[in-house]
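Trainee: The residues making up each chain are set out below.
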Amino acid sequence: MRHYGKNTAWVLILFLICSSLSLSAQEEGQEVLPLESKFKEPLTKVWFNTYGNIRISKRLFWVAQTHFRLQETESTPFVGQMAQIYNRHAIGYIYSKKFNVSLGGVLRLNFNTNEASMDRNLVPEWRIWHQYLFAMPLSSVMTYHRIRIEHRWSQGFAENSEYIFRNRWRYMFRLKVPLNSHKLEPKTFYVSPEAELIMQSGKEVVASPMEDLRLTTTLGYIVTPRLTFAAGLMYSQGQELSNGGIYKQSWTLRFHMYFSPDFRKVKNKLPEIHFND
Amino acid sequence: MIGFKTKYLFISSVFLALFVCIPLALQGQEKLHYAGPLQVGKYKGEAGYDYKVVGKDTLLDGPFLMERSNLQALLENEDSSFLFSGTFKDHYPNGSWRFQFGEFQSNSQTQVIDYQYRVLVSGTQEEVNGTLKEGKPDGAWTYTVNRIKDSELEQVLFKSNIVFENGIPQRSFRIENESGTLVGRFLRNGLAHDEWSLYITDEVEAVESWFFNDGGLEKVQGKENDETKVVQISVNREEQRKTINLDARYINILQLQLPVSDTLNVFETGMPKLLAENAQYYKKIDDILSELGESAFLPEFKVKVAHFPLNAMEKAQLDSIRVHFEKSRTISESLLNSTQLNILKLSDEEALFLYSVVRAISENFINPIEKVVDYQEQGILEFVRRDQLIRKLWPKGKPSVKIEVGKEADSVGSTRTFVLPNAERFNFDGNTMSSVEQLAQYATFGLDSIQHLLNNKLTKEQRQQELIALEEELIAQSNGLNNLIDSVGSTTTQVNKDALMQIKAIADKSLSRYSAMEEVTSKFDYARELVDCYTQLMALTKAVSVLPAQWEEIQERYQDGVWNPFTATVMNEEVKKRITASYRKVLVPYFLEWAQSDLSCDNADELVLLMQGTYRRMMELREEETSKLERKLRKEQDPKMVMQLFNIQNQVKEK
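Protein chains in written order, with the numbering used here: chain A, 25 to 301; chain B, 252 to 906.
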C-alpha cells in the first residue's frame with residue numbers, strides 16, 4: 025500500500041509539471057491550432073522487440089533491448105518498412121522483489137519513412153533514460169507501475185537540422201494475469217493489459233504535451249524463467265509536436281522476446297535469489 | 252641452686268607418676284567395665300559387664316547383665332523384652348544364670364497405685380533358671396513358658412526340669428507342655444534308662460512308654476484307639492553299639508530299624524515331639540551363651556544304638572549312588588515337566604510309553620535312592636542294617652531291569668516293557684550297597700536312552716510345528732502381497748502395473764511349487780526360502796509402487812528458484828535435466844523391465860537395493876557438483892553405465 029501511495033504522488037507531480045509546462049509553451053505557438061482537434065487516420069505498425077536482462081551480480085543487471093519498428097508506407101501497407109531501430113541499454117539495480125531502478129542510454133536510429141522526402145534517410149537520436157518499476161502481487165495476478173523518464177536529443181531528417189531537446193514523462197500500468205496456472209511460472213500463458221501515458225516537455229513542446237497514450241493487450245507465454253515470448257496489439261494516440269490540435273493514431277502489432285540469461289557461477293547465485301524476503 | 256631445685260622437682264614428679272599410675276594400670280589389666288548398647292544374635296539392648304583383655308582377646312569375667320524393655324512400644328503396640336543375667340569366669344558362663352523373654356501387649360490403660368504407674372500386660376513369658384559350670388549346665392535347670400493375661404499367670408505352656416552334672420543329665424527329668432508330660436530317668440553317664448513315660452493331661456495311665464536298658468531301647472508301648480500296641484526292638488547282643496544323642500536322627504534310625512508293619516505314629520507326635528521342643532528351647536539359650544563366651548548348653552540325652560559302620564567300598568558306592576541320583580533326577584524332572592512332551596504324549600503312543608517309563612523309573616528307582624542319599628547326609632546309614640534298609644526302601648521288593656508300564660494313559664489293559672539292551676550287565680540281587688548302586692546306574696542309563704529317544708521325537712515334532720508356523724506366515728505374506736498389489740495396481744501406471752503383475756505371478760508360482768512338494772525336510776527348507784523370498788517380493792512391490800511418488804519428489808527436488816526480472820517473481824526452474832532424464836528414461840524403465848522379465852526370488856533383493864539406492868542417490872546428486880557427470884550422461888543410454896556414473900552400485904554395497 026505504501027508503494028501505491030508513493031506512485032500516485034509521483035504521477036500527480038508529473039502531471040502538474042507537465043501541465044504547467046504545456047501552458048507556458050502554448051503562448052509562443054506559431055502553428056495555428058484548429059478549432060476542433062483533428063484525428064489523423066491511424067497508421068499500422070509492426071514492432072519486433074527483444075528485451076534482455078542480463079544478471080551481472082546479486083543486485084545489478086544489464087538491460088539490453090533491441091527493437092525493430094516497422095511502419096506502413098504507401099508501397100508497403102500494413103507491415104511497412106523499417107522506421108526505427110532501438111538500442112537501449114542500462115544498468116539496473118534490484119532494490120527488492122517489488123522495486124528496481126535502471127539508468128542508461130538509448131541510441132535510436134530513425135529511418136525516413138516518407139517516400140517523397142529527399143532528405144536524409146537515417147538520423148540518430150540520443151537519449152538518457154531512467155526507470156522506476158514497482159511490482160505488486162495481487163492474488164495470482166502481478167501488477168506493475170512503471171515510471172520512465174527520458175531525456176532525448178532528436179533531429180529532423182533535413183540536412184543540418186539541429187538537435188532539439190525534450191523530456192519525456194512516462195507512466196505505465198500493466199497487469200499480468202496467468203491463464204493456465206495459479207501463478208506466473210514456466211509453461212504458463214498469461215494475458216497482459218497495459219496502459220501507458222507519455223507526456224513530453226521542452227522548448228519545442230508548445231501545445232503538445234501528450235505525446236502518446238498507448239493501450240495494449242498482449243498474450244505471453246513463459247517458456248522458462250529465462251525466456252518468454254509475447255505478442256499483442258496496441259492502439260495509441262497522441263498530439264503532433266508541431267500542432268497540438270492534431271492527433272496521430274496508430275495500431276501496432278507487437279512481438280516480444282524476453283530473455284534473462286544469468287552467466288554467474290552456480291555457487292554465487294544460489295542463496296541470493298530471494299533477496300530480502 | 253636453681254639447677255638443683257629443678258632436678259629435684261623432676262625426680263619427685265617421676266616417682267609420683269609411677270606410684271599413681273602403676274596400680275591404676277595393673278587394675279586396668281585386671282578388670283574393665285562396659286556399660287552401653289550391645290547386640291547378641293538377634294537381641295539388641297543395654298548391657299553392663301566386666302571384662303579383661305588378655306593379649307588381643309577380650310574375655311568376659313565377672314557379672315553380666317543385658318536387658319531391654321520399651322514402655323513406649325508396649326503402649327503403642329507390643330514389646331519384646333528380655334533379660335540375661337549371670338556371671339562369667341574367664342569367658343565361660345559360670346554360676347547362677349537367669350534368662351527372661353517376654354512378648355507382651357498392653358491394653359494401654361494405666362493405673363496409679365501408691366507412687367507407681369501400672370500397666371497390665373498380656374502375652375508369653377519364658378523364664379529360665381539354673382547353674383552353669385564352665386559353660387555346661389550343672390545342677391537343676393528349669394525352663395518355663397507361661398501365658399500371661401493382665402499381668403497374671405494364665406497357663407503353663409511348657410516346663411522342663413532337668414538336673415545336670417557337668418553337662419550330663421542326671422537322675423530323673425520332667426518335661427511338660429499343654430498336652431502332656433514326659434518323665435524319665437538317666438544313668439549317671441547320661442544314658443536313658445528304665446521306663447520313659449508320656450502322660451496325656453486327661454488320662455491317668457501313661458499313653459506311651461519307652462523302655463530303655465543302659466541306653467538301649469528295648470520296647471515301645473503305645474496306645475492307639477484304646478488299644479495297647481507293643482513294639483519289641485530286637486537287640487542282638489553281638490552287634491556293635493554306639494552312644495548317640497537322643498534327637499531327631501535317633502528317631503529316624505528307630506523308624507528305619509523297626510519292621511515295616513510296626514509303624515506307630517508316636518514317632519511323629521508323642522515323646523519325640525516333646526524332646527524336640529525341649530531341645531529347641533535349650534538351643535535358644537545356647538545360642539546366646541555361645542555368642543557371648545564359650546558354652547555347650549545342650550540337653551544331651553544319650554542312647555545306645557546298634558552300629559554298622561560303612562566300609563571304604565560302601566562309602567565309594569554311596570558317592571557313586573549320589574552322582575547317579577543327581578543325574579537321573581535332573582533328566583526325569585526335565586522330561587516329566589516338559590510341556591512339549593506332555594502334549595506330544597497325548598497323540599503319540601511311543602511318547603506316552605516312554606513318558607510312563609520315566610515316571611516308573613522316577614517312582615521305583617529314583618525316589619527310594621533319594622532316601623538313601625538323604626540318610627547318608629543325615630549320618631543314619633551306619634546305624635541301619637543294609638538288608639533292613641533295602642526292605643524299608645523297597646517294601647515290595649526291588650524293581651527289575653524290565654520296566655513294565657500300561658499301554659494306555661490310565662495304565663489298565665495291556666502292558667509294554669522297557670528294557671535296556673545291556674540289561675544283563677546289571678545285577679540287582681543281594682541286600683548290599685552294591686545292588687543299590689546297580690539300581691542307580693540302571694536308572695541313569697535308562698533315562699539317558701529315553702531322553703535320547705524322546706529328544707529325536709521332540710525335535711521332529713518341533714520341526715513339524717515350525718513348518719506349520721512357517722506355512723501360516725507364508726499364507727499371511729501371500730495375502731499381504733496380493734492385497735498390496737491390488738491396492739497399488741489400481742492407481743499406478745500401466746508399466747508399473749505390469750511389473751506388479753509379474754511379481755504376483757512369481758509369488759504364486761513359488762507357492763504352488765511349494766504345495767506340490769511332499770518330502771517334509773525339503774519342504775521345510777523351501778518354506779524358509781519362500782518366507783525370505785516373499786519378504787523380498789513385498790519390498791519390491793513397495794519399491795515399484797512408490798516410483799511415481801519418488802519421481803514427484805525428485806522433480807520437486809530438482810527445481811531451482813530463479814528470479815525473472817520481467818515478471819519480478821521467483822520462478823522454479825528444472826535443473827540438472829540430464830540427470831533426471833537419465834533416471835526417468837533409462838533407469839526406471841530398466842528396473843521395470845527387470846521386474847517383468849528377469850525377476851526371481853534370487854535377484855529380487857538385488858533389484859530392491861538398486862531401486863532404493865538409486866532413489867537415495869538421486870536425492871543426493873541434486874546438491875553435488877555434477878557438471879562433469881551431466882556431460883557424460885549426454886548420450887548414455889546403457890542403464891548399467893548410468894548406474895556406474897551415478898555411483899549407485901558402490902552405494903548399495905556400502906549399505
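FYI, nobody ran anything at the bench for these hints, they're computed from the structure.
Keep in mind that the hints are not guaranteed to be accurate.
Stated by the list, open to error - Ranges of calculated distance between the beta carbons of each label pair, as one might list FRET restraints: (1) A:S163 / B:D889: 44 to 50 Å; (2) B:G731 / A:H206: 20 to 26 Å; (3) B:N823 / A:N111: 42 to 48 Å; (4) B:R835 / A:W177: 40 to 46 Å.
Said to hold, decoys possible - Below, a list of computed lysine-lysine pairs in the DSS-like style, where the Cα atoms sit at most 30 Å apart: (5) B:K886 / A:K211; (6) B:K883 / A:K207; (7) A:K211 / B:K879; (8) B:K828 / A:K211; (9) A:K207 / A:K121; (10) B:K828 / A:K121; (11) A:K211 / B:K578; (12) A:K211 / B:K883; (13) A:K82 / B:K827; (14) B:K578 / B:K524; (15) A:K82 / B:K879; (16) B:K828 / B:K883; (17) B:K622 / A:K82; (18) B:K828 / A:K207.
Unchecked claim - Short, incomplete list of chain B residues facing chain A, as computed with Cβ under 10 Å: (19) N678; (20) D811; (21) V821; (22) N823; (23) P840; (24) F842.
Backbone N, C-alpha and C define an ideal beta-carbon position, used for all residues, glycine too.
Trainee: Each hint: holds or not?
Mentor: Each hint tested on the structure:
no.: 1; hint: A:S163 / B:D889: 44 to 50 Å; result: holds (49 Å)
no.: 2; hint: B:G731 / A:H206: 20 to 26 Å; result: violated (40 Å)
no.: 3; hint: B:N823 / A:N111: 42 to 48 Å; result: violated (33 Å)
no.: 4; hint: B:R835 / A:W177: 40 to 46 Å; result: violated (57 Å)
no.: 5; hint: B:K886 / A:K211; result: holds (26 Å)
no.: 6; hint: B:K883 / A:K207; result: violated (35 Å)
no.: 7; hint: A:K211 / B:K879; result: holds (29 Å)
no.: 8; hint: B:K828 / A:K211; result: holds (16 Å)
no.: 9; hint: A:K207 / A:K121; result: holds (16 Å)
no.: 10; hint: B:K828 / A:K121; result: holds (27 Å)
no.: 11; hint: A:K211 / B:K578; result: violated (87 Å)
no.: 12; hint: A:K211 / B:K883; result: holds (28 Å)
no.: 13; hint: A:K82 / B:K827; result: holds (22 Å)
no.: 14; hint: B:K578 / B:K524; result: violated (36 Å)
no.: 15; hint: A:K82 / B:K879; result: holds (26 Å)
no.: 16; hint: B:K828 / B:K883; result: holds (13 Å)
no.: 17; hint: B:K622 / A:K82; result: violated (100 Å)
no.: 18; hint: B:K828 / A:K207; result: holds (23 Å)
no.: 19; hint: N678; result: violated (98 Å)
no.: 20; hint: D811; result: holds (8 Å)
no.: 21; hint: V821; result: holds (6 Å)
no.: 22; hint: N823; result: holds (6 Å)
no.: 23; hint: P840; result: violated (25 Å)
no.: 24; hint: F842; result: violated (28 Å)
Violated hints, listed in ascending order, are 2, 3, 4, 6, 11, 14, 17, 19, 23, 24; each of the other numbered hints is respected by the structure.
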